[in-house]
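J.: Taken in sequence, the protein lines are chains A and B.
Residue 1 is where the first sequence starts when you use this note's numbering, and the numbers rise one by one after that.
Residue 1001 is where the second sequence starts when you use this note's numbering, and the numbers rise one by one after that.
Derived from the structure by calculation, the hints contain no laboratory data.
A few of these clues could be false.
What the hints assert, rightly or not - Quick partial rundown of chain A residues pointing at chain B, CB under 10 Å, derived from the structure:
1) M41
2) E59
3) Y64
4) R68
5) V112
Stated by the list, open to error - Calculated cross-link-like contacts (lysine-lysine; reagent style DSS-like; alpha-carbon spacing at most 30 Å):
6) B:K1078 to B:K1055
7) B:K1107 to A:K14
8) B:K1110 to B:K1055
9) B:K1055 to B:K1070
10) A:K9 to B:K1073
11) B:K1073 to B:K1107
12) B:K1055 to B:K1114
13) B:K1055 to A:K9
14) B:K1078 to B:K1114
Think of the CB as a built atom: it goes at the ideal place given N, C-alpha and C, for glycine as much as any other residue.
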Amino acid sequence: NAGVTQTPKFQVLKTGQSMTLQCAQDMNHEYMSWYRQDPGMGLRLIHYSVGAGITDQGEVPNGYNVSRSTTEDFPLRLLSAAPSQTSVYFCASKIAGFSYEQYFGPGTRLTVT
Amino acid sequence: AQTVTQSQPEMSVQEAETVTLSCTYDTSESNYYLFWYKQPPSRQMILVIRQEAYKQQNATENRFSVNFQKAAKSFSLKISDSQLGDTAMYFCAFFYGGSQGNLIFGKGTKLSVKP
């Protein structure tokens, strides 16, 4: 049981490049989400999904795309990276409904130069 | 809008002493959870303790306890017998039924435990 996995752990991009941050969970969780963590800002929600084929925006969605074709995977796409997207990105998952237990991945540190 | 405020950006405590981290929140919801997460230098988010809003009794997990004041919308974390391994960022977070599971985080408190 791997829990929530994220790849890569570290990434450096040049401005304008594109990339996909991968997130996978093996707990059959309906809910998955992406947060970004910036110094002094806490974690802020980018996008979330309550099931395959269903996604919605969080607090800071601009510059990011998501899709959810399977229950297990929830990739985050940066189409044209900007220095403002330098951050640590966390994926999280939980079962649907009013359950509290949320599982976080180990995070991806992204630097855009 | 729901908000979570942590007013102490940094704190320090001597090993074996007690420290209290503050958190206030704003919501009009009646059914919600409050959490404290620990983030050590490894970056992993670790759930320390949770509190259901409908429970009057304060949650306790070993050396960690909370003081939940629902009317005042306050949720502080007390760490007793502080250990060097408690050095970390601590985030207060909030989750309510209508939020689909989305957590709302405070900006964090950096706690340093000194030998």
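J.: The structure should be examined with respect to each hint, and the outcome stated for every one.
T.: Evaluation of the provided hints:
1. M41: Check passed: Cβ of M41 (chain A) comes within 6 Å of chain B, closer than 10 Å.
2. E59: holds, 9 Å
3. Y64: Violated: closest Cβ of chain B sits about 15 Å from Y64 (chain A), beyond 10 Å.
4. R68: violated, 13 Å
5. V112: Because about 19 Å separates V112 (chain A) from the closest Cβ in chain B, which is outside the 10 Å limit, the hint is violated.
6. B:K1078 to B:K1055: Holds, because 18 Å separates the two Cα atoms, which is no more than 30 Å.
7. B:K1107 to A:K14: holds, 28 Å
8. B:K1110 to B:K1055: holds, 28 Å
9. B:K1055 to B:K1070: holds, 10 Å
10. A:K9 to B:K1073: Since the Cα atoms of K9 (chain A) and K1073 (chain B) sit roughly 37 Å apart, the hinted pair is violated (cutoff 30 Å).
11. B:K1073 to B:K1107: This hinted pair holds, its Cα atoms lying about 17 Å apart.
12. B:K1055 to B:K1114: violated, 34 Å
13. B:K1055 to A:K9: violated, 39 Å
14. B:K1078 to B:K1114: Since the Cα atoms of K1078 (chain B) and K1114 (chain B) sit roughly 17 Å apart, the hinted pair holds (cutoff 30 Å).
The structure fails hints 3, 4, 5, 10, 12, 13 (numbered hints given earlier, in ascending order).
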